[in-house]
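For the protein sequence lines, the chains are L and Y, in the order given.
Under numbering that gives the first Met the number 0, the first sequence has 33 at position 34, and the numbering climbs by one with no breaks.
Under numbering that gives the first Met the number 0, the second sequence has 50 at position 51, and the numbering climbs by one with no breaks.
Be aware that one or more of the hints could be misleading.
[As the list claims (entries may be wrong)] Here are the computed lysine to aspartate or glutamate pairs in the DMTMM-like style, where the Cα-Cα straight-line distance is at most 20 Å:
1) Y:Lys95 / Y:Glu81
2) Y:Lys95 / Y:Glu123
3) Y:Lys95 / L:Asp45
4) Y:Lys95 / L:Asp26
Bear in mind the hints are in silico, worked out from the structure with no lab data behind them.
Because the structure is a prediction, the values reported are computed rather than measured.
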Amino acid sequence: MTRLSHPGLKIFSTLFGVFYIAAFYFDLALFRYYPEARQFHWMRTDGIGVVILWYGWIVTAALASAAVAVAVPRPVAERLSPRWVWIVTVLVVLVTLIYERRYFV
Amino acid sequence: MIVVLLLLHGLLAVALLGAITHQALSVLPLAAAKGQRTFFDRFRGVNGPAYATPVAVLFVVTAIGGALLYPQYRIDVRPALEDMRNAAANGVFEIKEHLIAIGLGLLPAYWQVWRQPGNAQGAEAASARRGLTWLLAFFVWWGFIAGHVLNNIRGLLP
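Taking the hints into account, I'd like the entire structure generated from these sequences.
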């Protein structure tokens, strides 16, 4: 098995969506970007225009899922069926669509 | 500059849409065609594993293009949609950004299940390939349609 086919990749992909939606719902963006001021900030900063949290959510999810993927022992990761990646992600997408109904009612 | 980037983003999205659609149909559990092959048979009769790396690369590059365009959307388009009281359009875009982000996270496993030897895990690997490819195809189709509708929304709405 090559390094590129490390079983931790399954863990990463399974958890990424879960951490992403958690970061979105609980406002856990690692950083914030203010496009009008063209500035990145760690914390909420008022008075410099609209904010983009999306980049921060992605980085939060990537770091969290990478940390778990590295921490899980290799034999445990190898036992995880690759099916769980898409099954968990389908559930994440369903939760997301249900939550975002707020825009359509 | 922003127009050039928007066009490039759109062209990359077309390439990605074509590649992922070919691959998604190639994993449909259909019996092999007997006799003369139809257009559909030929469309889905591609070498699925050969599409994995191009799809992953196109997905990442197209997402980066979208990320670079996003500030302009946040400053100009979203407030305009709010002024038009068009919450649904903002919702469609918000879902697009979630799906593309989730898709980025899926790519390592997607690439892995396609690049490992075909029968290494038998039906389990085939099921994972099908599930991940169809999920990514759904994300790409949503992103493509949402992007085009929003890009043209002033001409589409009365």
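- request: For the pair supplied as a hint, lysine 95 of chain Y and aspartate 26 of chain L, confirm whether the alpha-carbon distance does not exceed 20 Å.
  value: Distance of about 18 Å is within 20 Å: holds.
message: Need the status of pair lysine 95 of chain Y, aspartate 45 of chain L: alpha-carbon distance at most 20 Å?
response: violated, 27 Å
Agreement of lysine 95 of chain Y and glutamate 81 of chain Y with the hint, judged by alpha carbon distance not exceeding 20 Å: holds, 17 Å
query: Given the hinted pair lysine 95 of chain Y and glutamate 123 of chain Y, is their alpha-carbon gap at most 20 Å?
result: violated, 29 Å
In this structure, the earlier hints numbered 2 and 3 are contradicted, and the remaining ones agree with it.
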